[in-house]
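Asks: One-letter residues, chain by chain:
Number of protein chains: 6
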Amino acid sequence: MKIVYVVPGPMDNKEAKRRENLLKEWVFPSTEVEVRTVTTGPASIESMYEEYLSIPETAKLMVEAEREGVAGAVLGCAGDPGLDAYRELTKDMVIMGPGAVGMHAAVLRGSRFSVLTVMDSTITSVYDLVDKAGLRSKFVSVRAVNIPVLDLAKDREGTLAKLVEYGKKVLEDGADCIVLGCMSMGFLEVAEDMEKELGVPVINPAKVAIKMTEAFAHINYTHSKKAFHTPPKIANGKVKSLDELLVSK
Amino acid sequence: MKIVYVVPGPMDNKEAKRRENLLKEWVFPSTEVEVRTVTTGPASIESMYEEYLSIPETAKLMVEAEREGVAGAVLGCAGDPGLDAYRELTKDMVIMGPGAVGMHAAVLRGSRFSVLTVMDSTITSVYDLVDKAGLRSKFVSVRAVNIPVLDLAKDREGTLAKLVEYGKKVLEDGADCIVLGCMSMGFLEVAEDMEKELGVPVINPAKVAIKMTEAFAHINYTHSKKAFHTPPKIANGKVKSLDELLVSK
Amino acid sequence: MKIVYVVPGPMDNKEAKRRENLLKEWVFPSTEVEVRTVTTGPASIESMYEEYLSIPETAKLMVEAEREGVAGAVLGCAGDPGLDAYRELTKDMVIMGPGAVGMHAAVLRGSRFSVLTVMDSTITSVYDLVDKAGLRSKFVSVRAVNIPVLDLAKDREGTLAKLVEYGKKVLEDGADCIVLGCMSMGFLEVAEDMEKELGVPVINPAKVAIKMTEAFAHINYTHSKKAFHTPPKIANGKVKSLDELLVSK
Amino acid sequence: MKIVYVVPGPMDNKEAKRRENLLKEWVFPSTEVEVRTVTTGPASIESMYEEYLSIPETAKLMVEAEREGVAGAVLGCAGDPGLDAYRELTKDMVIMGPGAVGMHAAVLRGSRFSVLTVMDSTITSVYDLVDKAGLRSKFVSVRAVNIPVLDLAKDREGTLAKLVEYGKKVLEDGADCIVLGCMSMGFLEVAEDMEKELGVPVINPAKVAIKMTEAFAHINYTHSKKAFHTPPKIANGKVKSLDELLVSK
Amino acid sequence: MKIVYVVPGPMDNKEAKRRENLLKEWVFPSTEVEVRTVTTGPASIESMYEEYLSIPETAKLMVEAEREGVAGAVLGCAGDPGLDAYRELTKDMVIMGPGAVGMHAAVLRGSRFSVLTVMDSTITSVYDLVDKAGLRSKFVSVRAVNIPVLDLAKDREGTLAKLVEYGKKVLEDGADCIVLGCMSMGFLEVAEDMEKELGVPVINPAKVAIKMTEAFAHINYTHSKKAFHTPPKIANGKVKSLDELLVSK
Amino acid sequence: MKIVYVVPGPMDNKEAKRRENLLKEWVFPSTEVEVRTVTTGPASIESMYEEYLSIPETAKLMVEAEREGVAGAVLGCAGDPGLDAYRELTKDMVIMGPGAVGMHAAVLRGSRFSVLTVMDSTITSVYDLVDKAGLRSKFVSVRAVNIPVLDLAKDREGTLAKLVEYGKKVLEDGADCIVLGCMSMGFLEVAEDMEKELGVPVINPAKVAIKMTEAFAHINYTHSKKAFHTPPKIANGKVKSLDELLVSK
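Protein chains in written order, with this note's numbering: chain A, 1 to 249; chain B, 1 to 249; chain C, 1 to 249; chain D, 1 to 249; chain E, 1 to 249; chain F, 1 to 249.
The following block holds chain A by itself, in its conformation from the complex (with noise of 0.2 Å):
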């Protein structure tokens, strides 16, 4: 069974191996990983309009992933940008975004949950994000470390660090699970060491997002299309690709 962990940015190649390790790290040995990173999109994702860049080209990845036959994705980006349209592409295909993954996890390991954020630019977005989680009512608060996404790694102390003081913050904001809100914070491996300083679960969003979408493709666990409609235009025949879809007059 395959599996794919799509960055909806571009991404050196050494960083993509190195995450893609990690997350073989984390399955189970019959479930094959690869990571795929889009050729053109934004360096990081700081803000909605960055969330929307990334999605025309993300959504061929996905669309040619199901082609192939690959059993789940891993939407790379805790946002969510775009998965409600890759869903509406894609039949066959379990895809996760690990921003309401994450949540739901928390949810289903404690009470009450914050989520720690990078910039106070996504703050906003946390919020709408926990309302289609549909989560409002167990969620208490959310922070920024305000550490830009491209410099998380650059000081995995220092970014340790303020993610254990945020922490606390939460903690007597009243949480018993903290969410990690962006990937990068996840590929820096620094839930573990955060749980051992604060005594509460640490969700990871890559970790717990490969998870989940590795159990529910093993059991074709695909999402609902009732929900998620083929775009009609699709669904009708009008339009043959993705492509079409985008017209010029």
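Hint data in this document are derived by calculation from the structure and do not stem from the laboratory.
Check the hints yourself; a few may be wrong.
Note that the list lumps identical chains together, so a pair holds whenever it fits in one copy or between two copies.
Said to hold, decoys possible - Once the Cα atoms are required to be at most 30 Å apart in a straight line, the calculated DSSO-like pairs of lysine-lysine come out as: (1) 169 / 60; (2) 240 / 91; (3) 196 / 225; (4) 240 / 60; (5) 238 / 14; (6) 14 / 249; (7) 24 / 91.
Given the structure of chain A, go ahead and fit chains B, C, D, E and F onto it with the hints provided.
Replies: For chains B, C, D, E and F alone, coordinates are given in the frame of chain A:
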């Protein structure tokens, strides 16, 4: 004071002109209105994927309009695709999404509202939009007439009959206000006819969006930059233009 | 097109004229504005009891205005006292309450709002108003500056300082928009000064209410009679006037 | 211990006496009950305007009762008009509104409740009352039998038949408890008959309100003055009586 | 009319008698009160496991009381353990849980309430209880004094001081009513002392539960059997007694 | 890695073996599965009382499994009876309740879900479970097929027909995912047949619970001890074993 109405898909000039003329009828004499359309985009928007497809080109028109000193912009799709992104990218221009505006207007006019949308494929996005607007406790139901966007105007009487038929259903659901969930419904000018048949307010998203934009623009009621931050890479000066946010490997 | 602004308490003519002049500055040239005040009512409104006291006389002014063919009316109190009753008693005139309008405007401009109110005695009513508007999921907090309504204008700088002080507190609470919860705060014209200090939109309930009323009145967006029925005794013809609804034994 | 039941509209003495006798049957032997009625007010309450009309005179009876040392007061209308105001104006007397009491009682007896109200014109106010009580998540539906208040008792069997008919509808809606949304329904003593037909609890707002008031008054469970502040002008001594809160220019 | 107060854990006779005497002080003269205790159960209840442990024996006392013709029963734990089960097993006896009763009473007396509980270990269950009661929109916060149940009475003054200290915190959180979340706090009779210090109502769950049970029992306000069905095996006659519901392989 | 599936009621060995075999089909090759059943408990669970009856014996099996080093446990009842208690009593073993897991899985696969439960007697508990899971805003409806648990397997085709019939009803209610609310429905393996008829995902609680437990156990995603504290008497060392928590007088 100038307001632009930005159509997020290509539209033939005649229809664009027709819509512009209607919009001009709705505003105050001192308000200038111009319809602008992207040259590349989805033919119509009936899926989340088409919503996302429309964003990159529309963003450019929005940023351009602000640079020209335009006071307000209406986003010409009732799904409000990219609204948060356009607000991130601008600061001094009021931008309104007719989806959110229509629903808030319904709550300001009545007590409980339903949405009539085009296709079953847009029902999930209506729920998400209601939650994003924070109006779940005032929301009764959404029903689709299942007429494709591009067919709505082909048989105005047929469309009106369907809208009245489904309008009666949502009244039975308990609504006391009805929101039309598609701009092409708005420019078909059926709301008044529906009101006569149904006896409750029927919100035309095009009309109410231009009025709200006009009202807010007139008093400089722009959006909160604390809610919609400028993308950090632009704010920090690392990136000089929209185009540079998109990179290739 | 004529809009009346109805003050639900007695007000000296000079202050009423001052307010009328401000309102005139805010509307479009073609909109006529007139301030009307009851002759008997509460000196100011800082309690629910005073809200209720204001209703019978204000109702008469509302009904009278509709009879005259006035297009829209603003209820001049941010607690929206009697709004539903005035809508029951009218049909063709737009009537807006600045409390609800201000909160919906905040949600249209930002993501999460707080209210600054006058006294601790009005805090419970703000919660009730938020629930009535259906906006609990967008509401962050309410804080009172504890300056009586009639003292707000006595020391404009002192009032502004307090509002900025409490504005900072609600920003810490997480708000990205602030709503002023009192018309006298609105006519003090402090919102712009607050915005400069606080960096987020500050909604002036007087300004936004007149603009929304003007916008809705211009397109005949009156209220739903299914939500706000004519009182049955009037609808059935058993009672011919407002006064007859009040009987004595 | 004395409880007063305050009718917020004029009522003929015979009917007032009949109600007093019923109330006396429901209380414990040591509890004294007296029905008091305003001399001027609405003939019946079927609209928000009539609710508001009832408040000024009722407030005087409430304040007077507290001065006499009455232990508790029931507000005799299921819309709870003015309840918050009466609590602002008193401190030592328990005051209960049968609307809120009835709905909380339903939740204490079952899991999900519906309300049967008199007229379509009171449906919106039931939603508002549910929200004010904080019970939206337990609320199933509201339906109106559309019999005017003053006609309810004219044909007891006809009214009962209608209530059973609509009771069956709300059971289909999913309710497991039914709340009668009108005091005249309560004093018609139909709840027990309805229970026999419907097999679920039917809350008589008159009966449960007097019992809850009696229970709370017996242990001095008055209202929170932090929730219902004394009007500042009275608290500060600037105004000496209720009447002085109403001023004329 | 007889009310039993059922302690769901073993309690020494002296303390049971002391509690019975207090309960007798709170009821009307014609109400008979008896405290009954299980002989086997948890020593105190500070965890969900202990809640569940208490249920089988308590169920027997409840069923027995109904058979004797007892009119009402108070479940003697503020976590309301097994309340729904006891209601399934009975039909004619009012059974109240002080957890739900206390929270509804708070909402009937004020606008927004907080809970003071014994230990951090009961915080999650307070959230669940609030949701089960349907009162999340009226709930402000829960705080634990972290004094074990069995130590509460060892140092009444120390306990009171802690409760006042945490009471001040929840007032800052925004509460205008406080609910004591433990019966042993109730029987310590600290609520009145707390009210003097804090100026807001402090709900004694023991006192309000016996009063509500007394009030409801007096008018036969039992629970909805549509909400709390008799277990099908008993309803169908396949099982003749409680004991037979427990089978062994 | 070993997962136990704990049946909280006595079950004959043949059926237990059959279920174990199905569970083994669903997991990855490296995962060991063992079904364990209590020897004393309810014959089936169709009421809250039976839920509670199952807890004391099941708790022992859970604690024992953790001591053995089992990685994860599935609680074999879709009402999740005692889940919070088992989490209080353990620390290193993942424990999942299929009720909550099934509902979260539905939200991860679709947008709005309904539950099909066995009997009317379990409807209230489904509402409570939805609220406990925090998923009310994604919940559409619950309907009971009214086939006793122990009869579900007697006529597989009849049961399937009923489930399809009620499945159609919940699709009309608006659901786009269906959750089976009973483990015996899960082990009947009807979900796939239902999906073919209904065209939407049908969640098998047994299958999804074992997969989620397997996934979480594989990465040590245990529960939050801040949400589910060890019972204080055990944490403080006052009590050495589960049995000692139960005392007699």
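Asks: Now, for every hint given, state plainly whether the structure supports it.
Replies: Going through the hints against the structure:
1. 169 / 60: neither (40 Å within a copy, 37 Å between copies)
2. 240 / 91: within (16 Å within a copy, 40 Å between copies)
3. 196 / 225: Close across copies (13 Å), not inside one copy (42 Å); limit 30 Å.
4. 240 / 60: both (14 Å within a copy, 28 Å between copies)
5. 238 / 14: between (42 Å within a copy, 24 Å between copies)
6. 14 / 249: between (41 Å within a copy, 13 Å between copies)
7. 24 / 91: both (25 Å within a copy, 27 Å between copies)
Going through the hint list in order, the structure does not satisfy hint 1, though it satisfies all others.
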